[in-house]
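What follows is the residue order along each chain.
Protein chains: 2
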Amino acid sequence: MKMRTVWVDEVYQGIVRTSFKLKKRLFKGKSHFQSVEVVETAGHGRLLLIDGMTMVSERDEFVYHEMIAHPALFLHPKPRRVLVIGGGDGGTVREVLKHRSVESCTLVEIDGLVVEASRRYIPQTAAALSDRRSRVLISDGVKFVAETEETFDVVIVDSTEPFGPAAELFGPSFYKNVKRILTEDGVVASQAGSPFYEISTIKNLFKITTKIFPVVEVCLFNNLTYPGGLWAFTFATKGLHPLKDFRASRVKTAKMPLRWYNADIHAACFALPDFLKKAIGR
Amino acid sequence: MKMRTVWVDEVYQGIVRTSFKLKKRLFKGKSHFQSVEVVETAGHGRLLLIDGMTMVSERDEFVYHEMIAHPALFLHPKPRRVLVIGGGDGGTVREVLKHRSVESCTLVEIDGLVVEASRRYIPQTAAALSDRRSRVLISDGVKFVAETEETFDVVIVDSTEPFGPAAELFGPSFYKNVKRILTEDGVVASQAGSPFYEISTIKNLFKITTKIFPVVEVCLFNNLTYPGGLWAFTFATKGLHPLKDFRASRVKTAKMPLRWYNADIHAACFALPDFLKKAIGR
Chain A
67 MKMRTVWVDE
77 VYQGIVRTSF
87 KLKKRLFKGK
97 SHFQSVEVVE
107 TAGHGRLLLI
117 DGMTMVSERD
127 EFVYHEMIAH
137 PALFLHPKPR
147 RVLVIGGGDG
157 GTVREVLKHR
167 SVESCTLVEI
177 DGLVVEASRR
187 YIPQTAAALS
197 DRRSRVLISD
207 GVKFVAETEE
217 TFDVVIVDST
227 EPFGPAAELF
237 GPSFYKNVKR
247 ILTEDGVVAS
257 QAGSPFYEIS
267 TIKNLFKITT
277 KIFPVVEVCL
287 FNNLTYPGGL
297 WAFTFATKGL
307 HPLKDFRASR
317 VKTAKMPLRW
327 YNADIHAACF
337 ALPDFLKKAI
347 GR
Chain B
67 MKMRTVWVDE
77 VYQGIVRTSF
87 KLKKRLFKGK
97 SHFQSVEVVE
107 TAGHGRLLLI
117 DGMTMVSERD
127 EFVYHEMIAH
137 PALFLHPKPR
147 RVLVIGGGDG
157 GTVREVLKHR
167 SVESCTLVEI
177 DGLVVEASRR
187 YIPQTAAALS
197 DRRSRVLISD
207 GVKFVAETEE
217 TFDVVIVDST
227 EPFGPAAELF
237 GPSFYKNVKR
247 ILTEDGVVAS
257 QAGSPFYEIS
267 TIKNLFKITT
277 KIFPVVEVCL
287 FNNLTYPGGL
297 WAFTFATKGL
307 HPLKDFRASR
317 VKTAKMPLRW
327 YNADIHAACF
337 ALPDFLKKAI
347 GR
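Chains A and B, in that order, give the protein sequences.
Quick note on the working numbering: the first sequence kicks off at 67 and runs consecutively.
Quick note on the working numbering: the second sequence kicks off at 67 and runs consecutively.
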């Protein structure tokens, strides 16, 4: 008897659908904010889906998490205190904690269900949340940056798409507060969407952050399981330039276990294709 | 009445499926070698599919075609005669012909049906095949490079996957002949597959070409409609180094209509992630 293939489908913008061969559904829950799902696939390990969109796959999450963390953390001369907004799966925290200078990594995730599901089903990323240097707050990141009196050397905005619970993470008042809580050499890296499919997100985020920070660059990387593969981060600092102030030698001496990021990739990820340069007015 | 969405599906390695929303099926034929199909999609323009695999989408073909052509053509000091093996859709030829130094571009495509279908349904790429500098030969590329007495400054291997009609284009005797027909500053760029899903193809091609050419590098780029997005070319030369011998100023003075490639991208595309460096022994 031939088994029929069952797929986990993500329809994006109504025009493209990405499907992963399903082995087993592990978890499905609904929080106040969104639906949270974990499935086991045949070729991509476990997948975390939020409102039906793939957030993490065990097979390739290393790329996203290395690229949202290391360009910022290797640029900052000595990152001690790091704040992650969103990223309840824990993958970004795992990469942050690879830096020995980091004394504490605070995760502010709005949805406790994301953290719970990840802790239970995706230890590959979530184990880092139990590190003694990790502090997990289930709270609204927008409110947190508005109210906290703490300061941070690096802030990482590891958000979902710019609608639903994450909408305000793409606005100017959020970034004004991020600037306020950043220390002198502060850097903020933010998930910015697909250059192919949602260039307006990148344009808006670039425009907003450029009004607030003296240095803003866009960085690109590859995500196997996100629609179209190509994905962007914006990268804003209080003065450090991601290329001119970057010391490649630090990456080598750190001897970190990395699979994607290296000094060449750091330099390369800020090179933008012509159509994207035009879109952001470069 | 709500219409049911119809998708054009590509299943890859049995584990991932990419689907594009269908508007209209335009052409389906079968040649001696393979099935050839053209469809109109809702979000990606027209698609050319060979044996059910997306080869070209009107929306993003510019990336693939710019990246397989321009790193080689801007590295070579004055490319006059160019050979394209495969690439019957014409997109690579279109990019080659943007270089004013090019006097002739010979396309050797094994399957006349690919050229016919492209000419009829995808003029965006195929129009270039009617340029007075284009010469289209429906013939076996492996045989062509073995027998021709012509020489070329740049050879581009714009092939399908390393099985079926294209299998021999990934072997050593083909590359020995390519070297033989290349002029002194010769460069050959070749489609090499997905670093995520078929790293063995890149490893093999790198190994084979390294035995034949003094300089071999791997270059990466992004393809919206190929599985996983990230794609690779190998880049072999008779001596020129793709970075050290590249003159960025030539790109600016050429004032070419380009949407992806620029001098920054040229430098960046040869930066490889750690896992790929390890795989090819770098």
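Honestly, the hints are just simulated from the structure, not real lab data.
Misleading hints may appear alongside valid ones.
The list cannot tell twin chains apart, which means a pair is met if one copy fits it or any two copies do.
[As the list claims (entries may be wrong)] Derived SDA-like pairs (lysine to any residue); straight-line CA-CA distance at most 20 Å:
id	residue 1	residue 2
1	Lys277	Ala212
2	Lys318	Arg348
3	Lys277	Arg316
4	Lys209	Arg91
5	Lys310	Arg166
6	Lys310	Ala333
Structure-based check of each hint:
no.: 1; hint: Lys277 to Ala212; in the structure: within (18 Å within a copy, 60 Å between copies)
no.: 2; hint: Lys318 to Arg348; in the structure: between (31 Å within a copy, 15 Å between copies)
no.: 3; hint: Lys277 to Arg316; in the structure: neither (31 Å within a copy, 34 Å between copies)
no.: 4; hint: Lys209 to Arg91; in the structure: neither (34 Å within a copy, 51 Å between copies)
no.: 5; hint: Lys310 to Arg166; in the structure: neither (23 Å within a copy, 35 Å between copies)
no.: 6; hint: Lys310 to Ala333; in the structure: both (10 Å within a copy, 16 Å between copies)
The structure does not agree with the numbered hints 3, 4, 5 stated previously, though it agrees with the rest.
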